[in-house]
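J.: Listed here are the chains, written in short residue letters.
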Amino acid sequence: GQNIDQPTEMTATEGAIVQINCTYQTSGFNGLFWYQQHAGEAPTFLSYNVLDGLEEKGRFSSFLSRSKGYSYLLLKELQMKDSASYLCAVPASAGNKLTFGGGTRVLVKP
Amino acid sequence: DAGITQSPRHKVTETGTPVTLRCHQTENHRYMYWYRQDPGHGLRLIHYSYGVKDTDKGEVSDGYSVSRSKTEDFLLTLESATSSQTSVYFCATQMTGGNTEAFFGQGTRLTVV
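So the sequences go chain by chain: A and B.
In my numbering, each residue carries its 1-based index in the first sequence increased by 20.
In my numbering, each residue carries its 1-based index in the second sequence increased by 99.
Each hint should be verified, as a subset may be incorrect.
[Said to hold, decoys possible] Below, computed lysine to aspartate or glutamate pairings styled on EDC-like, alpha-carbon distance capped at 20 Å:
| # | chain 1 | residue 1 | chain 2 | residue 2 |
| --- | --- | --- | --- | --- |
| 1 | B | Lys110 | A | Glu61 |
| 2 | A | Lys88 | A | Asp72 |
| 3 | A | Lys77 | B | Glu200 |
[As the list claims (entries may be wrong)] With the Cβ distance kept under 7 Å, some of the chain B side facing chain A (calculated, not the full set):
| # | residue |
| --- | --- |
| 4 | Gly141 |
| 5 | Leu142 |
| 6 | Leu144 |
| 7 | Gly197 |
| 8 | Asn198 |
| 9 | Glu200 |
| 10 | Ala201 |
| 11 | Phe203 |
| 12 | Gln205 |
| 13 | Gly206 |
[Claimed, not checked] Output of the computed footprint for chain A on chain B, the stretches with three or more beta carbons under 8 Å from beta carbons of chain A:
| # | segment |
| --- | --- |
| 14 | 126 to 140 |
| 15 | 163 to 176 |
Source of the hints: derived by calculation from the structure; they are not laboratory data.
We put the beta carbon where it would ideally sit given N, CA and C, even for glycine.
Pulled out of the complex, with its shape left as it was, chain A reads as follows (with noise of 0.2 Å):
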């Protein structure tokens, strides 16, 4: 089975920096994604990693350590606009499964 863990709720500052952290338990490694979701969307597709270290892609930076089934998302200069949910997901090794953490929701304060 599949456990992935978030945490449930983030707040920062306008201009400011966060790190959202996802820690997963799998059987069999087949890479972690990161999307957003916005209030009464559908979720977005931000990143994808399946080797270890940090993946730059503008404004955020996705990290990934297998050894320690550790990954985080890296949300700088932050934005109004980027007040949302973040998802972690993993796909299973097996029967390709895509799994999702509960989100974490990020608020954007002036």
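Based on these hints, arrange chain B on the given structure of chain A.
T.: Below, chain B without anything else, positioned relative to chain A:
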């Protein structure tokens, strides 16, 4: 963006009635998923399909059934709706499953009264 259409977008139904939600995709993606999203629970997998007529259960499949008779359509049926099935339902597709990006429909808000 993948063309994924969910219908209906909103529905109110009575306890005990059957309900069918439809997911239609135009991308010829092999994998399709149904999730429900409730406050405090994130996205929970109900059922998924890895090809026409090939489906499997997710973590919260009780009370739900699915069918996929053609690549583009994945139907979710609540056999006898209960208030605990009030939720937002999302359909998602993946080209080849596993490590490929999943695309989501806009969601269906279902209320069972």
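J.: Among all the numbered hints in the text so far, which are the ones the structure does not match?
T.: 15
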